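Just so you know, the protein sequences line up as chains A and B, in that order. Residue 58 in this note's numbering sits at position 58 of the first sequence, and the numbers go up by one each step. Residue 20 in this note's numbering sits at position 20 of the second sequence, and the numbers go up by one each step.
FYI, nobody ran anything at the bench for these hints, they're computed from the structure. All values reported here derive from a predicted model rather than from experimental measurement. There may be inaccurate statements among the hints.
If you want the footprint, here are the derived chain A segments under chain B, 3+ residues with CB under 8 Å [unchecked claim]:
hint, region
1, 103–109
2, 140–154
Computed Cβ-Cβ distance ranges for the label pairs, DEER-style [claimed, not checked]:
hint, chain 1, residue 1, chain 2, residue 2, range
3, B, Leu51, A, Ala188, 20 to 30 Å
4, A, Asp203, B, Gly101, 23 to 33 Å
5, A, Pro65, B, Pro87, 24 to 34 Å
6, B, Gly101, A, Pro65, 18 to 28 Å
7, B, Glu149, A, Lys123, 25 to 35 Å
8, A, Lys123, B, Lys186, 29 to 39 Å
The C-beta atom is built at its ideal place from N, Cα and C for all residues, glycine as well.
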Amino acid sequence: MSLKKNMKKSLGILFASAFVMNMVFGCPGIAYAAGTTASTTVDGSISASIINVSVPTSLAFTIDPNNTSGDQASKAVIKSNTNAPIEISVNGGGSSFKQSESSSWKPVDYLPDDLNWEKLGKKDSESSLALGLLVCNAAQWRVLSLTDVLWVKELMGMTGSSVIGDLDPNSSAEVTFQTRHGNSFSEAKVCSYNIIWSFSLAD
Amino acid sequence: MRMKEYQDDSSIHEIDGDSSDKEIRIATKKEERNLLEHKSRKPFLFILAGLCCLVVLIAVVIVGGNSKSDSGENTSGQDVTTNEENPEIRSFASSEAIQEGDLITTDNEEQERLNALAEESRVYCIISSAPYFQSIDGKGSLFISNPKESNYYTQVVIKTDDNKEMYVSPLLAPTEKIEYDYLTSKNFKQGSYHCFAYFNYYASEESSSYLGSMSAEINVEID
């Protein structure tokens, strides 16, 4: 009887000890005690973002010397279908924003304050122009860097690129042109400019 | 009896002798006179007739001109622009072009035309921001696309920021894409290269149809 009592007592102590160990060390303790291990390796693979942007290559403007507020220009809609913010810029140095070689009218590029435009005669009117890029609506941009007009002549003197701003993912924004010119033209003029836009993932 | 008829005539008094002879001679004289008178009047008649014709011709021209002007025809002719001292208000064919108000040389139609011109020239720039190549000889993930919405051909040239050419794509028509391709230059070692992918756009498969370019800043990785 005493042997049975002792065995019961020993088993009770053993189970009690196991219960206490289980409470203290938890399940791993039991697993470890069972002698099995398991490990899972997680390989994270992230694809690079795809830049997906569209923009017009040709932008036109008309000059109306009879109406100083009547000049009109295309509105270029820059569309980003990228699932990440995109930075939009134009490179400096005169190669990214310049007169097209096929342009039938090739005026000399000026800054708006270089000439007294209202007083220009026929000869100077027909050979001078100040053309600049302008953001239409600041609210369309995630970050707007170009808060003033970016003039062609100004861009020619720059070495780096001029950042227009950052677009939100899957969004669009409009840009247009501003011109300064004389008012004496004996015939209609057609002028075309090429812009090489540059896109990158925004910081 | 005939003698009496010609008594007032001076030529009859000069004639003596037989009356029948006289009659014959008188008759002959008269015919001669008539003939002479007729001959002297002939040029005058011709001149008179000519003058009449001229007058009629002038009248026809004047009447014809007035009738054309009244009916509104030939209003832009040279005669119309002749400045008269007190010019009459001329009749006009139509008053449809007349509008009220100040001259307005800008309009929404012109703005729409300019915007449409820009929209027609829309081009697409689609490429992986970080093409990855397992080796210089292996294919890399470029993910270049010229989508179906595009109207133009495009060719992509990837250059490092120090202007070394790394990749030149074939000319892609709309709906064509390149997901994986080999670098066209093998003169690069393992590493990461800051590059520009230049998208050149053409209206046709001819170089002369070049429209413009765009660029995307990318990072090319070579293992």
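Hint check results:
By the rule of at least three residues with a Cβ nearer than 8 Å to a Cβ of chain B, the coverage given for the region 103–109 of chain A is violated, with 0 such residues. Requiring three or more residues with a Cβ within less than 8 Å of a Cβ of chain B, the coverage given for the region 140–154 of chain A is violated, as only 0 such residues are present. Look at leucine 51 of chain B against alanine 188 of chain A: about 56 Å separates their beta carbons, and that is not inside 20 to 30 Å. For the pair aspartate 203 of chain A and glycine 101 of chain B, the supplied restraint of 23 to 33 Å is violated, since their beta-carbon distance comes to about 53 Å.
A C-beta distance of roughly 31 Å is found between proline 65 of chain A and proline 87 of chain B, which places it inside the suggested range of 24 to 34 Å. At about 21 Å, the CB distance of glycine 101 of chain B to proline 65 of chain A agrees with the hint of 18 to 28 Å. For glutamate 149 of chain B and lysine 123 of chain A, the hinted distance range of 25 to 35 Å is not satisfied, since their beta carbons lie about 45 Å from each other. Separated by about 57 Å at the C-beta atoms, lysine 123 of chain A and lysine 186 of chain B break the suggested range of 29 to 39 Å.
Checked against the numbered hints above, the structure breaks hints 1, 2, 3, 4, 7 and 8 and satisfies the rest.
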